[in-house]
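Engineer: Sequence:
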Amino acid sequence: MRFRRRVEGGEQWVAVVQSDAVLHAAQISLGPDRRPRLGWVWQGPSAELSQGLRSLNRAHRLKGLKLTGQIERTQYRLISTEVPDVPREEWCDAMRWRLKDQVDFPLDDAFLDVLAVPQDTQLRQMHPAMAVVAQRVDFNRMALAADDVGLSWSAVDVPETALCNLSALAETPEQAHALMVFGDAHGMLVITYKGELLMTRNIEVAVSAVTGSQEARGAALGRAALEVLRTLDTFERMHSQVTLSGLSVVPPEGGEDVLEVLADLVYVPVKSFELKSWMDLAVPEDQGMRLAATPSLDELCAIGAALRGHRQALGLQSLSLVDEASALTAPPTWNAVWGLRIAAVVGGGACAVGAVMSTLSAAYDRQAEAFEADVVALRQEVGQQTVPPEFKQLSDLRAQEERQRHVREALASSILPQTALYSDYLIALARQSQPGLWITELNLRGQGSDLELSGRMLDPAQLPSYLGRLEQEPQFKGRRFAQVEMRSLETPEGVGPSPIAFTLRGQLPKAEGRLPREVRP
1444 MRFRRRVEGG
1454 EQWVAVVQSD
1464 AVLHAAQISL
1474 GPDRRPRLGW
1484 VWQGPSAELS
1494 QGLRSLNRAH
1504 RLKGLKLTGQ
1514 IERTQYRLIS
1524 TEVPDVPREE
1534 WCDAMRWRLK
1544 DQVDFPLDDA
1554 FLDVLAVPQD
1564 TQLRQMHPAM
1574 AVVAQRVDFN
1584 RMALAADDVG
1594 LSWSAVDVPE
1604 TALCNLSALA
1614 ETPEQAHALM
1624 VFGDAHGMLV
1634 ITYKGELLMT
1644 RNIEVAVSAV
1654 TGSQEARGAA
1664 LGRAALEVLR
1674 TLDTFERMHS
1684 QVTLSGLSVV
1694 PPEGGEDVLE
1704 VLADLVYVPV
1714 KSFELKSWMD
1724 LAVPEDQGMR
1734 LAATPSLDEL
1744 CAIGAALRGH
1754 RQALGLQSLS
1764 LVDEASALTA
1774 PPTWNAVWGL
1784 RIAAVVGGGA
1794 CAVGAVMSTL
1804 SAAYDRQAEA
1814 FEADVVALRQ
1824 EVGQQTVPPE
1834 FKQLSDLRAQ
1844 EERQRHVREA
1854 LASSILPQTA
1864 LYSDYLIALA
1874 RQSQPGLWIT
1884 ELNLRGQGSD
1894 LELSGRMLDP
1904 AQLPSYLGRL
1914 EQEPQFKGRR
1924 FAQVEMRSLE
1934 TPEGVGPSPI
1944 AFTLRGQLPK
1954 AEGRLPREVR
1964 P
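Just so we're aligned, residue 1444 is where the sequence shown starts under the numbering used here, counting upward by one.
What the hints contain is simulated information worked out from the structure, not anything from laboratory work.
Honestly, I wouldn't trust all of these hints.
Stated by the list, open to error - Below are the DMTMM-like pairs computed for lysine to aspartate or glutamate, each with C-alpha atoms no more than 20 Å apart in a straight line:
1. Lys1714 / Glu1614
2. Lys1506 / Glu1454
3. Lys1920 / Glu1895
4. Lys1543 / Asp1563
5. Lys1509 / Asp1590
6. Lys1714 / Glu1703
7. Lys1506 / Asp1590
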């Protein structure tokens, strides 16, 4: 089945994001100057989506507004690909055939939409794109929940494109921009150019880690900075024809020092992302101050998804995982009236069948009550027995093993190809910097087995202590420098002591890892 992109008119959008048992919502309209205006934000308990939509509809009348939802992180696949060599209206059909082996569910009845990436970012003659694939069952669940409240979805989005809308606001002309946000379970990094999504990455560092104790915060921010560095390295290799203007970070509440730490570890300019710089906040003052300083990831996803009208006014692409042919998203027609009449006739016959079924149901209910009484008695008997302490120890060990397994999986999933490992060497050298001694060149050859380190120093006595501290780093541990060259450099008379140039050459033992190619920063 084919799904075409829905193009909606109008200037007011309401976006909702279901997160655990809380529903977040935001409403955005456009002013006369086409500047976004945040009318209100709302959140409320929502064990089920229909319950949250009902409460939201009571608080803010949604009739006449365009409603967009957001599917959860585990309910879709975002795949980097290339634009097929067919007309734009045939992209989705061509992509179904191309991506059928890259997802673990059938694509014949799935939702699929394609977002083209700007072509002028790469040297290679190709047209990159991002495909979003989602199963129909998740849309049907959302559509039924909205229909229970008398609403329908105009669009369904994903978190990456919602944050893309926000990152695009902070772009400078002809430069890319990166946006980093920390969430309750993970962080998200998006890179945009000309308003379109170029790259995205989930970073497994939660808000609780970056707002905890000093030790835990430092470790968490170190991991986050390393993931950001690796992503930026990949961005520079893949999109070498565009520069990155900087990284905007949304600091979490209680972790305002995150910007200072990341600014010391990341080589691009780091600044705070403030909503009030890019849109008008027509919300209560206390709420506006919090949203301008420390909004949550769920709130930003709702606000970003509600910027859909702003993107349409600028002529940018918008993702829309909505089935226009579904009866739950289309207005009722005269056929619905006949459908109700037929349903009434069928309902009359069903009443007669129901009378017979109720007699059988009563007999089954009595039998079920007898079984339930037996189950209650058995539970009481089991509850009176004393549980040996070994069972609790075994349960604790199993829980500990499960936590360790999650940690190993998280670490394994965050490892990039070894081509980015030179960042680890540069970070190690930066951590062991020493006054009066500086590194000028680092060469890795033979897949990383041969290392050559060149630099300058003012006092030769500094070199042994520096090498002793450098060996504490994992990247240099076990490495022996078999050749050392030193020579004095000439300087103009009266300038000061002449610096001494040194070159160290050494090899790793054969059991150590290898880098796949020569790296010369």
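Engineer: Decide if the proposed pair is consistent with the structure: Lys1714 and Glu1703, CA atoms, cutoff 20 Å inclusive.
Structural biologist: holds, 9 Å
Engineer: Has the given pair, Lys1509 with Asp1590, been kept, meaning a C-alpha gap of at most 20 Å?
Structural biologist: Answer holds: Lys1509 to Asp1590 is near 14 Å, not above 20 Å.
Engineer: Hey, Lys1543 versus Asp1563, does the alpha-carbon distance stay inside 20 Å?
Structural biologist: violated, 28 Å
Engineer: Lys1506 and Asp1590 were given as a pair; does the straight-line alpha-carbon distance stay at or below 20 Å?
Structural biologist: holds, 13 Å
Engineer: Against the 20 Å threshold, does the CA-CA distance of Lys1714 and Glu1614 hold or violate the hint?
Structural biologist: Status holds; Cα separation ~13 Å.
Engineer: Please verify whether Lys1506 and Glu1454 have alpha carbons no more than 20 Å apart.
Structural biologist: holds, 14 Å
Engineer: Can the restraint linking Lys1920 and Glu1895 be considered satisfied, given a maximum Cα separation of 20 Å?
Structural biologist: At roughly 15 Å apart (the allowed maximum being 20 Å), Glu1895 and Lys1920 satisfy the hint.
This entry does not satisfy hint 4, going by the numbered hints stated previously; all others are met.
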